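Asker: Single-letter residue listing:
There are 4 protein chains.
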Amino acid sequence: MFNVALLGAGRIGQIHAGNIAAHPDCRLVRVMDVYAPAAQALAAKYGAQVSTLDQVLNDDNVDIVAICSATDTHADLIEAAARAGKAIFCEKPVDLSLERVERCLATVREADVPLMIGFNRRFDPSMAGLQQSLVNGEIGNTELVTISSRDPAAPSADYVKTSGGLFRDMTIHDLDMARWLLQEEPVSVFASASSLVDPEIKAAGDVDTAVITLTCASGKIAVITNSRRASYGYDQRIEVHGSKGMLAVANHPESSLIKSVAEGVVAQKPMHFFLQRYGDAYRLELGGLIEHLKNGTAIHPSGEDGLQALLLADAALESLRTGKAVQPGNRV
Amino acid sequence: MFNVALLGAGRIGQIHAGNIAAHPDCRLVRVMDVYAPAAQALAAKYGAQVSTLDQVLNDDNVDIVAICSATDTHADLIEAAARAGKAIFCEKPVDLSLERVERCLATVREADVPLMIGFNRRFDPSMAGLQQSLVNGEIGNTELVTISSRDPAAPSADYVKTSGGLFRDMTIHDLDMARWLLQEEPVSVFASASSLVDPEIKAAGDVDTAVITLTCASGKIAVITNSRRASYGYDQRIEVHGSKGMLAVANHPESSLIKSVAEGVVAQKPMHFFLQRYGDAYRLELGGLIEHLKNGTAIHPSGEDGLQALLLADAALESLRTGKAVQPGNRV
Amino acid sequence: MFNVALLGAGRIGQIHAGNIAAHPDCRLVRVMDVYAPAAQALAAKYGAQVSTLDQVLNDDNVDIVAICSATDTHADLIEAAARAGKAIFCEKPVDLSLERVERCLATVREADVPLMIGFNRRFDPSMAGLQQSLVNGEIGNTELVTISSRDPAAPSADYVKTSGGLFRDMTIHDLDMARWLLQEEPVSVFASASSLVDPEIKAAGDVDTAVITLTCASGKIAVITNSRRASYGYDQRIEVHGSKGMLAVANHPESSLIKSVAEGVVAQKPMHFFLQRYGDAYRLELGGLIEHLKNGTAIHPSGEDGLQALLLADAALESLRTGKAVQPGNRV
Amino acid sequence: MFNVALLGAGRIGQIHAGNIAAHPDCRLVRVMDVYAPAAQALAAKYGAQVSTLDQVLNDDNVDIVAICSATDTHADLIEAAARAGKAIFCEKPVDLSLERVERCLATVREADVPLMIGFNRRFDPSMAGLQQSLVNGEIGNTELVTISSRDPAAPSADYVKTSGGLFRDMTIHDLDMARWLLQEEPVSVFASASSLVDPEIKAAGDVDTAVITLTCASGKIAVITNSRRASYGYDQRIEVHGSKGMLAVANHPESSLIKSVAEGVVAQKPMHFFLQRYGDAYRLELGGLIEHLKNGTAIHPSGEDGLQALLLADAALESLRTGKAVQPGNRV
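Residue numbers (this note's numbering), protein chains in the order written: chain E, 1 to 332; chain A, 333 to 664; chain S, 665 to 996; chain W, 997 to 1328.
Isolated chain E (complex conformation) (with noise of 0.2 Å):
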């Protein structure tokens, strides 16, 4: 039984406190919230004790510290984490500086402590089994892969402002997938993009509307379309082509309801948004941390995951500025 201690309490913290309860293997002990109420709450619906961060780093009956607070103390929290012998478990992104992460991911290393980093979709059981038939080969050698992604509504323009854009924000979940499903990592990054949904989010400088196009080595290609708005529901699809055939993930909908009318055959839209669509990802993710700390199989996606798919983003980004293709920069 392994004993988690929550740092954030809103509601990314409370799906992973639910899913931490409910997990035959650990069990939620510490909250920590800067809002006390949301704190208290949590604590007292999972009989947890609230706490401070150094009561959590001084608890040596915590074994794992999860963290979904703002993504401006995931880096601080992380370090600080690392440093009292602490199983990590951090909602992406490290942090938007590179250099902040490198720094981070150093001292990770140093500790030699797990460190997940919350890529939850590589946990949805339809994306896992995409990855899982891949690599069973079923449809031979990979040769192009599609990520379609788009959220229901656009954030705000103060969101957008503090998000890192739509590359760093949002696109790097879709970096990442392609990364995993590639197996190869991309040495060449084209992005196209807009700013057509909403005028504030390009006053802010942000784009809303991109394809990227990303190329390995050995050829093959990956191709991600984004949008900040699907006025139908929450779009998330993949396709990977390969040598024998192809392999889908369709969208989820809401229900499986379907209405056959004299204007057409109308079946439900997709779930609505993250919280419903990956539902099972967000319950199963912490799983492959737990499986590491008793079997000690790898974890992924680790810190160096969240690296590499900030380089990528960050490429996109200067491919936007040049209209030229990049290369992925070293690290710094």
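Calculated directly from the structure, the hints in this document are not laboratory data. Quantities reported herein were computed from a predicted structural model and do not represent experimental measurements. It is possible that some hints are incorrect.
[What the hints assert, rightly or not] Below, in silico cross-link-like pairs of lysine-lysine (DSBU-like), each with a Cα-Cα straight-line distance of 30 Å or less:
#1 K294(E) - K377(A)
#2 K1157(W) - K1240(W)
#3 K202(E) - K1157(W)
#4 K324(E) - K161(E)
#5 K161(E) - K1088(W)
#6 K988(S) - K656(A)
#7 K866(S) - K576(A)
#8 K958(S) - K1041(W)
#9 K908(S) - K244(E)
#10 K294(E) - K92(E)
#11 K161(E) - K202(E)
#12 K866(S) - K656(A)
#13 K576(A) - K825(S)
#14 K92(E) - K161(E)
#15 K709(S) - K1041(W)
#16 K988(S) - K534(A)
#17 K576(A) - K1240(W)
#18 K244(E) - K1240(W)
#19 K1198(W) - K324(E)
#20 K1198(W) - K1088(W)
#21 K908(S) - K534(A)
[Unchecked claim] One-sided and incomplete, this derived list gives chain S residues near chain A with beta-carbon spacing under 8 Å:
#22 E807
#23 L808
#24 F854
#25 L860
#26 T877
#27 T879
#28 G883
#29 I885
#30 V887
#31 S891
#32 Y896
#33 H905
#34 G987
#35 K988
Backbone N, C-alpha and C fix where the C-beta goes; we use that ideal spot for every residue, glycine too.
Please arrange chains A, S and W on chain E, whose structure you already have, making use of the hints.
Answerer: Only chains A, S and W this time, still in chain E's reference frame:
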């Protein structure tokens, strides 16, 4: 906050325990099971107390008794809980004997306590959505209901012997669904059935493949097809045809992964069985009782719903014996 | 190269004329119709001659007579063509009277000429593919056949009066399909039916909504659901459940265009009616007769198939009158 | 009634011959082919005359010349037919050389005759329906177009050598589709491509797997993915994302048969290749030219459309050479 006592800590009791614990308005306080280790494990996981029936019934803090024990204990436990003034949730069926059901429901009426029967499918979001669309008039007047229900594999002949047979054990869910969707009581039942799946089921005097047709006074018809076997998984589909269109609930695949290869386009099978397919329904059904207790909304499915479904199952059995359409019996 | 004479240049005759002209092994040489302009137009388009029945029957160059005239002329024309030694294709039905069908088939047997009945669905590539998969044993032993067949809109009451009613006019296609898929003659027929669609159909003494259950001696069951109305288009679906799986034929949408908007994911309706849905079947069915003439393969559906389907339709009518399962009648 | 002369009686010429014969407003009168037996067979089947080019051009009764001969004869035949005052249908491409296309179109303009280019997909009912929905504003403003186009298997290296390569031979259909759906000329083209399918294609200097991104001045983006191989059949899909939703065209399966077994739910593969998938489009495309001749509606796709698509293909080639986004060239 409602305090719930769970009677029966087996497979289905464990499902309900998790859902009770996760529900924002209730909490699991007592667990009873004739097999002590099962009760202890469940009580430990959710911070409840292992209890005897008397402890449950005499505890004024227990608001709801959830009965998940063996079928032949249901009627007795319902009556005991009713006399103790508890709100009651009971897994189907109340009993296999019409006479015993009648007596049990009389006791409940006398005690004037709420009783909800676990026809879980009414709470499946797809099926509930269908029924709501129907009530909204989205396809005009109902004309024909078709219900497909196939288990992935036949139960043991031993189970079959005590189950009440196909109609009272399995079809009864479909009969309840038919009543709910027809919104009118059938006046005629005709059944065709065969033993094709398992010679031992035949030897036990039961059938495993069936078509049951229900006709209402208004002319509405419902047809149910059942099988104890479906190699491709749990087959649970509904269609309702109305004057202005059709509403349908499709099967739910295990994942959305699709493989296109030289042999064809291969989608995932339907979810394996009821625990997977109706996971959401199990999670949601208690909500109906909670709603009643909080807001006074009507309870459904009620004990009366349980009785009516049994009357239809018995009529189907008689039709099978006689080769004629049978009018569902008056109550004993 | 086979020379074909077409009797009847109406809507369905025109379909056959085009298919005859396009077939690599036959050519349209004569056209007869009581309405001269129809015959002239068709003859002109395909370079055929307008002819009288005598001219058709006395022309030794005519190999095949294709009968697409009014139902009440079928039996007479079949007999005349049979006596003239022609191979015969006749649209269903041979006749609405069992006695007349029997006499007509006797004449054909005596003349020893090939006779094919236009149950076109057997030549639909999807349905023919299903039957072939069944024969190949791809789902093991057949257990249950379900056939859904709904017209987009009710015919006029005038049509209904002369059509022989729902069972002999519309269900007969489904009864033929059931026999073809069961690969065994039903020994019991039960019908439930209502008049819900059109009061004039009811006034004409017919039903418009029906469920027919067929049972075989081996225990195989087939169930047919029919309606004279389906606002979402022509509903033509089949499922066959076997010991190792299910084979199904889905509806064919008008196009593959799908619109995903805030209201849902809207696919196209099924093709409007039989001329669209079974366009391929009409094109392919003559091929069965040509194959027989070229290679001696068995003809199906034969006159006997037409008779057996009528026997089942009559049994369904009797079941409806009596409320009992009926054994299909022996021949008159 | 329009009289059509067919130049080229090969595979695609035979398709057009059948469609011309079946069209209510036209008739096939002359057939020319350098291979006499092909011309003779086709002429005999449809009652047309085998002819020389001069006979076609000098026959005042010939209204339309349909050019289905080898690619390197297209431009010469278009010019000859234009000078003879005929309406012209020509299979794509006009020519592989931009300069030759320019000269040819100048001749057509001078002769002031109608010229239609066989980008058949514009007449596919699903794709035409999508474009119409787009024009109707059903999904608001267009933001992103994605086109998936994969052949079932790679052509011979010999074919590749004379075809103009992937972009000018295969992608050109997708480039025309992109222009038609964007309703705006792209100002920037970026191509990534690899040789993964066939070493001989690589040896011939061509690619077989490609992603092409087109950007418009307004910010609309289109992305095309191509492969010379798809083991699961001809993959032809389109998505258009707009401010209010998505319109998509799915693949068309060979039949609607679906098999559900222990291994999964197996649907049919997409239709094998363009002759099957675009059978309806071939049948309908001539109608555009006939409409123009009867009612003066605009012709599309025009010679200009052919030229613009070629300009995009050439820009894609240059992008591939340079690794940069390329502005489509001005005309020579």
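Asker: Hint by hint, which ones does this structure get wrong, listed from lowest number up?
Answerer: 2, 3, 5 and 18
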